[in-house]
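**Q** Chain residues, written in single-letter form:
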Amino acid sequence: MIRISSRTLGLALLAATALGVAQANAQQTIRVGWTIPAEESKYWMMRRPDQFPAIGKDYKIEWVQFQGTAPMVQAMAAGALDCSTQGVLSMAQGAIQANLETYIVAQHVGERPGSFSVYWAVKEDSPIKTIADLKGKSVGTNVFGSGILGPMFLLLKKHGVDPQKDIKLVETGFPPSEDAIRQGRVDAGVLVQPFAARAEGKGGLRKLFALADQQQNIVHIMDVCRKDFVDKNPELTRRYVKDLTAGMGKALADRAETLKVVSEVIKAPVPVLDTFLLKPNDFAREPGAAPNFAAIQAMLDIYTETGMISKKLDAAKFKHPSIVAPIQ
Amino acid sequence: MTRLPGIPGLAPLVAFAGLLAGWEVAARGIGIDGLPPASRALAEVPGILADPESLINIGASLYRMALGFALGVAVAVPVGLMMGRSRHVAAFFNPLLMVIYPVPKAALMPIIMLWLGVGDASKTLVIFLGVSLPVVYHSYQGGRAVEEKMLWSAAAMGMGAPARLLRIVLPAALPEILVGCRTGLVLALITMVTSEMIARQSGVGNILFNSLDMAQYDTVYAMIVIIGVLGLALDAAFERLRAALVGWAEPSQALMVGTT
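Chains as they are written, first to last, in the working numbering: chain A, 506 to 833; chain B, -10 to 249.
Chain A extracted, bound-state conformation:
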């Protein structure tokens, strides 16, 4: 018979307690996926952590940079990330295809009346004058299956152009899009900031249509967290969202410092960023990083209508009762 002395039992209990404490401490790290550009609140948290008293004290953030939002869906589904940047479409596809349950906790950038809106441009001397003229032409996109294609497809349909049959969609990516238009590799190409500001500065291109022509208040980038992680670590997530809120506040309040912060992160010179960042020709940012759930619902509906997602989704199901920006 195996006998366990009280001393051995005490040591074991002590070890178990220590292990429990260690695990509790380990839980105070949140693994966050990010990408570039347009996540100023996160860039502030990364590069100016001293401005966020809780970071490094109450909790830690393990930052992982990704090339686009789609791999972040995979990483979240695999449990390798707790929170990440998502577009409405990638989040919806993750929910439908990978059963990835998430909460939208903040919004980074979107569009609103008067702000920058993603647009398609042609050469100044192009015979393409209207959307209807795109029939039989090649049209650029950042990536096949991109979230911007939902509203764009609807707009084309409204003008009698079937996006599946009447145009040849070409994947150019955002950065080379301007070159693709100028060299005639596409008849119309998509422009976002900062490439739109640069192209406009050079001249020779003409805006054909923008997403805002189809609908207002498009949501481009949000922050989402895994539901199981939030349910298990509500306080940790709350602190993170509180800092996202504060980060957005700092980004909007101090443009000069934001230019430096963004330049450090994305390695683009300040003069380049100064042409658009946080100016009227930039995307819109909601004060406090508050997600616009009505606009998100409108986008989900568009993706269902255009067949980009296979079933209707309810934006309200992605909203936590209390853990959502702004958290002061």
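There's no promise every hint is true.
Facing chain B, according to a computed beta carbon distance under 10 Å, are these residues of chain A, among others [unchecked claim]:
hint: 1; residue: Q572
hint: 2; residue: M577
hint: 3; residue: D684
Label pairs and their in silico Cβ distance ranges [stated by the list, open to error]:
hint: 4; chain 1: B; residue 1: I100; chain 2: A; residue 2: F649; range: 31 to 41 Å
hint: 5; chain 1: A; residue 1: K562; chain 2: B; residue 2: S28; range: 47 to 57 Å
hint: 6; chain 1: A; residue 1: Q533; chain 2: B; residue 2: L44; range: 22 to 32 Å
hint: 7; chain 1: A; residue 1: R552; chain 2: B; residue 2: L230; range: 34 to 44 Å
hint: 8; chain 1: A; residue 1: F649; chain 2: B; residue 2: I21; range: 22 to 32 Å
hint: 9; chain 1: B; residue 1: L38; chain 2: A; residue 2: D779; range: 18 to 28 Å
hint: 10; chain 1: B; residue 1: A134; chain 2: A; residue 2: Q533; range: 55 to 65 Å
hint: 11; chain 1: B; residue 1: L38; chain 2: A; residue 2: T809; range: 44 to 54 Å
Which bits of chain B does chain A cover? Going by a derived footprint, with three or more residues having C-beta under 8 Å, they are [unchecked claim]:
hint: 12; region: 14 to 25
hint: 13; region: 96 to 103
hint: 14; region: 182 to 193
hint: 15; region: 201 to 215
Everything labelled a hint here was simulated from the structure, so no lab data went into it. C-beta atoms are modelled at their ideal positions from N, C-alpha and C, and glycine is treated no differently.
Using the hints, position chain B against chain A.
**A** Relative to chain A, chain B alone:
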């Protein structure tokens, strides 16, 4: 016919200068943002190398590369030698290698990320896979080519199988193994970069892919130049090591990277 004077290193220098001149002329002729002239890209190099953060990123990538390379060699050499000396081992591993060899290792990254997460482990594994296959192949060939008579003599003198592998097969196969290591080194550099394409916390990808995303093409090409020079330097250093270890086996001029 005029011959280039026999100055060591002159031929590669002339080739490099020709490449830069061709690049400069082509870029100025084509005139697109996506292809800046060589002079503009090279002007970015000192700035990158003087930035401590960039050096930390390059160091982080090199650390993973060194780790992946060391692990790859440590595993691949014994496996390859055993394949070379045992038909059964070769029959076991050959089909596996045939399947894995043509798969682009970077394409495995999303799957490996699911197993090992998004940290250093997944990137190191991709480098390990890239390195190990050529090293296995060359070790296998080296092991097969060992003179049977030497092994018989050793066995007749009472040397056991593990000792024969270590003291006869390994030294005899070393020239071929080092050819595999040289190819593996270049592949380690390639997979080091591609492993950072999807997800990263630090590394050359932070400079290269961020610049690409922001259309900072001068920086993109400057990083490509830095990586290229790094590859040349590593290859030259390895070649010196190889010559010192097995210079007796064959002239170094017979080796060309990418031909193995």
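**Q** State for each hint whether it applies.
**A** Structure-based check of all given hints:
Below 10 Å, beta-carbon pairs count as interface contacts, and Q572 (chain A) has one with chain B at about 6 Å; its hint therefore holds. A cut of 10 Å between beta carbons decides the hint on M577 (chain A): the least distance to chain B is about 8 Å, and the hint holds. With a cut of 10 Å, the hint placing D684 (chain A) at the interface with chain B holds, because the nearest CB-to-CB distance is about 5 Å. Separation of I100 (chain B) from F649 (chain A) is about 21 Å and departs from the stated range, judged on CB atoms against 31 to 41 Å.
Distance hint for K562 (chain A) and S28 (chain B): a CB-CB separation of about 48 Å, consistent with the stated range 47 to 57 Å. Between Q533 (chain A) and L44 (chain B) the beta carbon distance is about 31 Å. The supplied range of 22 to 32 Å therefore holds. Taken as a hint, the range 34 to 44 Å holds for the pair R552 (chain A) and L230 (chain B), whose Cβ atoms sit roughly 41 Å apart. Range check, F649 (chain A) to I21 (chain B): about 23 Å between beta-carbon atoms, so the 22 to 32 Å window is met.
Between L38 (chain B) and D779 (chain A) the Cβ separation comes to about 26 Å, which falls inside the hinted range of 18 to 28 Å. Separated by about 57 Å at the C-beta atoms, A134 (chain B) and Q533 (chain A) satisfy the suggested range of 55 to 65 Å. The hinted window of 44 to 54 Å between L38 (chain B) and T809 (chain A) holds, with their beta carbons roughly 51 Å apart. Given as covered by chain A, the region 14 to 25 of chain B passes the check, having 3 residues with a CB less than 8 Å from a CB of that chain where 3 are the minimum.
Interface restraint, the region 96 to 103 of chain B with chain A: holds (3 residues with C-beta to C-beta distance below 8 Å; minimum three). Check result for the region 182 to 193 of chain B against chain A: holds, 5 residues qualifying (beta carbon to beta carbon below 8 Å, three or more required). Only residues whose beta carbon comes within less than 8 Å of a beta carbon in chain A count, and the region 201 to 215 of chain B has 6; three or more means the coverage holds.
The structure shown violates just one earlier hint, number 4.
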